[in-house]
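Spelled out from the first residue to the last, the chains are:
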Amino acid sequence: MKSYIVKRVLSAIPLLLCISFICFAFINLIPSDPAEVALCVRQTPVITEQAIEEVREELGLNQPYMVRYFKWLMDCFRLDFGVSYTNPSRTVLGEFGRCLPATVNLVGASLVLVIVLSLPIGFFCAVYKDGLFDKIMRELVFVTTAMPAYWIGLLLIWLVSIRLNLLPTSGSRSAEHIILPAITVFLTYISTYIRLIRNNMLENMKEDYVLYANARGLKKENILVRHILINSLHTFIVAIGMSVPQLIAGTIVVENVFAWPGLGKLCIESIFNRDYPVIQTYVLLIGTLFVVFNLLFDIIQYLIDPRLRGDN
Amino acid sequence: MWKKLFKNKTALIMLIIIFATTIVGIFAPLFASHDPYEIDVMNKFAVISLEYPLGTDNLGRCILSRMIYGIRPTLFLSLMTMIGTISIGMVMGLLAGYFRGVVDEIIMRIIDVMLSFPSQIMIFAIVALLGVDVRNVIIANVIIKWAWYARMVRTNVMKYRSKNFILFSRCIGNRESFILFRHLLPSISWEMAVLATLDIGWAILDISTFSFLGLGVQAPTPEWGAMLNEAKNVMTTNPVQMIAPGVAIVTCFVSILIS
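Taken in sequence, the protein lines are chains Z and A.
Anchor point for the first sequence: position 271 equals 272 in my numbering, and the numbering is continuous, going up by one each time.
Anchor point for the second sequence: position 47 equals 60 in my numbering, and the numbering is continuous, going up by one each time.
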């Protein structure tokens with residue numbers, strides 16, 4: 002078992018290096034000269050050739066590519082991601098520190114909604130397969146798949162905030178503000194999990210152990226919950242865990258609809274302002290999160306599901 | 014095949030919707046009653062009437078005409094995306110699946126790296142790098158998505174390459190390029206075409222999302238996503254402006270998905 006974990010962790014390292022290298026290459030591909038940009042950031046009044054040369058020397062831009070890459074990588078380990086181009090008084094780390102809590106709140110709230118609602122819905126869909134509830138839910142799943150996140154958001158704002166005047170339309174001043182964005186994110190992701198739970202349970206129902214449990218005369222509710230549901234949960238937990246980075250990345254759209262001051266809004270603003278260090282760090286962060294969460298839940302799956310350990 | 018199609022009512026209806034949308038889009042000037050760019054501020058937020066079937070928007074432009082003209086960029090751009098992705102994916106997949114060995118190793122490693130990345134974020138990154146423009150959105154989409162097709166093509170090629178007709182063709186001394194383009198390509202293109210039509214739906218969603226965020230098609234060009242972006246600001250006064258493009262996007266997507 003230990004060897005499996007070690008192997009998985011080791012295999013993640015090249016991928017992380019690859020991501021970091023692409024992020025580094027990214028900032029070197031931008032059309033403007035980094036030295037010139039740095040001068041602009043420092044608000045040097047006149048940019049001369051000589052000044053550019055000096056800054057190049059100072060920032061180490063005339064060193065070989067790989068040397069610069071390793072330097073940059075070391076800086077990243079020290080959480081030093083540079084300075085924002087548009088707002089030189091702020092570091093990229095500071096910007097992220099400012100925006101991260103809002104995104105984490107939003108993702109957390111939607112995740113809770115997804116878990117709390119998709120589990121029972123998927124469960125009852127599987128138990129009463131082809132019944133009325135299942136049919137309605139299947140339609141609903143289809144509709145939410147087809148609706149783009151931003152349109153769901155706009156419809157919710159129009160319906161709940163404008164027509165019914167129940168909740169605020171945008172911003173994040175009070176606890177009420179999180180309800181609509183969280184519901185929007187939740188609606189765009191719930192279909193996957195309802196389907197996952199439902200199909201997993203239906204598959205498990207055909208297994209021999211269920212037949213055996215029936216033959217032993219166990220109560221039906223007991224079999225459904227203690228045997229089938231628990232066995233279907235493995236995949237669910239792993240899928241939920243692996244989707245966390247996806248959720249964080251997916252909030253870009255929702256945050257912009259609801260003017261939620263999180264990472265997604267920061268990212269779009271940076272794209273418009275050509276604030277490359279921020280974008281670079283954002284890509285690096287999401288890429289790393291993807292790899293780390295995949296790794297983590299791969300290992301967790303291995304730990305909680307004894308069937309996977311059979312080969313060793 | 015036609016009989017089967019006529020039996021499946023939903024698929025037939027969806028196909029008709031797609032064809033009708035395409036035709037209306039191509040011959041937009043015939044169907045649209047107004048110029049989609051014509052601004053008439055005096056007449057803004059006009060209610061639904063015979064002259065303006067869906068009313069007018071915040072600048073007094075006819076919403077229906079803008080919707081009709083909006084079909085063009087929506088369908089055209091998603092088609093472009095699909096053609097780009099598929100052609101790169103096809104070439105890479107064919108090369109990897111047919112020649113195997115080193116070529117396969119290299120292409121597959123590239124594909125692995127591409128697929129392990131969060132695709133949405135990479136599209137944002139590429140758009141940021143190249144600048145805000147709809148062309149760049151398409152380029153980014155192609156760069157990110159070809160890997161998925163390449164892998165599908167490769168699997169399919171490997172299925173066919175040991176079939177007898179290919180082996181025979183090689184026996185009688187046909188050139189590799191002849192086998193690749195005359196035998197393998199036609200064999201796999203059917204399956205790929207089916208996959209691609211399904212994916213056009215996703216391309217439509219993707220492009221409209223970027224336009225909505227202001228990164229794709231720019232105002233005042235009528236495109237459904239961009240129209241939603243404009244409608245966002247006047248939602249309190251004129252909800253029709255927001256509902257119409259949304260319904261159009263969802264209808265298009267659903268029809269493509271079902272048919």
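Please note that the accuracy of each hint is not assured.
[Unchecked claim] Covered stretches of chain Z, as calculated for chain A (at least 3 residues, CB under 8 Å):
{"#": "1", "segment": "76 to 82"}
{"#": "2", "segment": "96 to 109"}
{"#": "3", "segment": "118 to 132"}
{"#": "4", "segment": "264 to 278"}
[Said to hold, decoys possible] Partner residues are not named here, just some residues of chain Z that face chain A (Cβ under 8 Å, in silico):
{"#": "5", "residue": "L11"}
{"#": "6", "residue": "C19"}
{"#": "7", "residue": "L30"}
{"#": "8", "residue": "N257"}
{"#": "9", "residue": "A260"}
{"#": "10", "residue": "F291"}
{"#": "11", "residue": "V293"}
{"#": "12", "residue": "I300"}
[Claimed, not checked] Listed next, the in silico DSBU-like pairs over lysine-lysine satisfying Cα-Cα at most 35 Å (straight line):
{"#": "13", "chain 1": "Z", "residue 1": "K207", "chain 2": "A", "residue 2": "K22"}
{"#": "14", "chain 1": "Z", "residue 1": "K130", "chain 2": "Z", "residue 2": "K207"}
{"#": "15", "chain 1": "A", "residue 1": "K176", "chain 2": "A", "residue 2": "K16"}
{"#": "16", "chain 1": "Z", "residue 1": "K220", "chain 2": "Z", "residue 2": "K207"}
{"#": "17", "chain 1": "A", "residue 1": "K20", "chain 2": "Z", "residue 2": "K130"}
{"#": "18", "chain 1": "A", "residue 1": "K172", "chain 2": "Z", "residue 2": "K8"}
{"#": "19", "chain 1": "Z", "residue 1": "K3", "chain 2": "Z", "residue 2": "K136"}
{"#": "20", "chain 1": "Z", "residue 1": "K136", "chain 2": "Z", "residue 2": "K220"}
{"#": "21", "chain 1": "Z", "residue 1": "K136", "chain 2": "A", "residue 2": "K176"}
{"#": "22", "chain 1": "Z", "residue 1": "K221", "chain 2": "Z", "residue 2": "K72"}
{"#": "23", "chain 1": "Z", "residue 1": "K72", "chain 2": "Z", "residue 2": "K130"}
{"#": "24", "chain 1": "Z", "residue 1": "K220", "chain 2": "Z", "residue 2": "K266"}
{"#": "25", "chain 1": "Z", "residue 1": "K130", "chain 2": "A", "residue 2": "K176"}
{"#": "26", "chain 1": "Z", "residue 1": "K136", "chain 2": "A", "residue 2": "K20"}
{"#": "27", "chain 1": "Z", "residue 1": "K136", "chain 2": "Z", "residue 2": "K72"}
{"#": "28", "chain 1": "A", "residue 1": "K245", "chain 2": "Z", "residue 2": "K207"}
{"#": "29", "chain 1": "Z", "residue 1": "K207", "chain 2": "A", "residue 2": "K172"}
{"#": "30", "chain 1": "A", "residue 1": "K172", "chain 2": "A", "residue 2": "K20"}
{"#": "31", "chain 1": "A", "residue 1": "K16", "chain 2": "Z", "residue 2": "K130"}
{"#": "32", "chain 1": "Z", "residue 1": "K136", "chain 2": "A", "residue 2": "K245"}
{"#": "33", "chain 1": "Z", "residue 1": "K136", "chain 2": "A", "residue 2": "K16"}
{"#": "34", "chain 1": "Z", "residue 1": "K207", "chain 2": "Z", "residue 2": "K221"}
{"#": "35", "chain 1": "Z", "residue 1": "K3", "chain 2": "Z", "residue 2": "K207"}
{"#": "36", "chain 1": "Z", "residue 1": "K130", "chain 2": "Z", "residue 2": "K221"}
{"#": "37", "chain 1": "Z", "residue 1": "K266", "chain 2": "A", "residue 2": "K245"}
{"#": "38", "chain 1": "Z", "residue 1": "K72", "chain 2": "Z", "residue 2": "K8"}
{"#": "39", "chain 1": "A", "residue 1": "K172", "chain 2": "A", "residue 2": "K16"}
To be clear, the hints were calculated from the coordinates, so they are not data collected in a lab.
Predicted model, so just to flag it, every value in this text is computed and none were measured.
Positions of the beta carbon are idealized from the N, C-alpha and C atoms, including for glycine.
Right, here's what the structure says about each hint:
1. 76 to 82: Three-residue rule not met by the segment 76 to 82 of chain Z, so violated; n is 0.
2. 96 to 109: This one is violated; 0 residues, fewer than the three required, reach chain A with a Cβ under 8 Å.
3. 118 to 132: violated (count 0)
4. 264 to 278: With 7 residues closer than 8 Å to chain A, the segment 264 to 278 of chain Z meets the three-residue bar; holds.
5. L11: 15 Å, violated
6. C19: Holds, because the Cβ-Cβ distance from Z/C19 to chain A comes to roughly 6 Å (cut-off 8 Å).
7. L30: 6 Å, holds
8. N257: OK, holds: Z/N257 within 8 Å of chain A, min 6 Å.
9. A260: 10 Å, violated
10. F291: 5 Å, holds
11. V293: Result: violated, 12 Å to nearest chain A Cβ.
12. I300: 17 Å, violated
13. Z/K207 <-> A/K22: 33 Å, holds
14. Z/K130 <-> Z/K207: 14 Å, holds
15. A/K176 <-> A/K16: Given that 35 Å is the threshold and the Cα spacing comes to 32 Å, the pair holds.
16. Z/K220 <-> Z/K207: Roughly 17 Å separates the two Cα atoms, so the pair holds.
17. A/K20 <-> Z/K130: 26 Å, holds
18. A/K172 <-> Z/K8: 32 Å, holds
19. Z/K3 <-> Z/K136: Judged against 35 Å, a Cα distance of about 45 Å means the pair is violated.
20. Z/K136 <-> Z/K220: Distance ~26 Å between Z/K136 and Z/K220 Cα, so the pair holds.
21. Z/K136 <-> A/K176: 44 Å, violated
22. Z/K221 <-> Z/K72: 62 Å, violated
23. Z/K72 <-> Z/K130: 58 Å, violated
24. Z/K220 <-> Z/K266: 51 Å, violated
25. Z/K130 <-> A/K176: At roughly 42 Å apart (the allowed maximum being 35 Å), A/K176 and Z/K130 break the hint.
26. Z/K136 <-> A/K20: Judged against 35 Å, a Cα distance of about 23 Å means the pair holds.
27. Z/K136 <-> Z/K72: Violated. Z/K136 to Z/K72 sits at ~57 Å, over the 35 Å cutoff.
28. A/K245 <-> Z/K207: 49 Å, violated
29. Z/K207 <-> A/K172: 32 Å, holds
30. A/K172 <-> A/K20: With Cα atoms ~32 Å apart, A/K172 and A/K20 stay inside 35 Å; holds.
31. A/K16 <-> Z/K130: 31 Å, holds
32. Z/K136 <-> A/K245: 33 Å, holds
33. Z/K136 <-> A/K16: Within the cut-off at roughly 28 Å; holds.
34. Z/K207 <-> Z/K221: 14 Å, holds
35. Z/K3 <-> Z/K207: 33 Å, holds
36. Z/K130 <-> Z/K221: OK: Z/K130 and Z/K221 at ~15 Å, within 35 Å.
37. Z/K266 <-> A/K245: Satisfied, since the Cα-Cα distance of roughly 16 Å is no more than 35 Å.
38. Z/K72 <-> Z/K8: Measuring from Cα to Cα gives roughly 28 Å; hence the hint holds.
39. A/K172 <-> A/K16: 31 Å, holds
The structure fails hints 1, 2, 3, 5, 9, 11, 12, 19, 21, 22, 23, 24, 25, 27, 28 (numbered hints given earlier, in ascending order).
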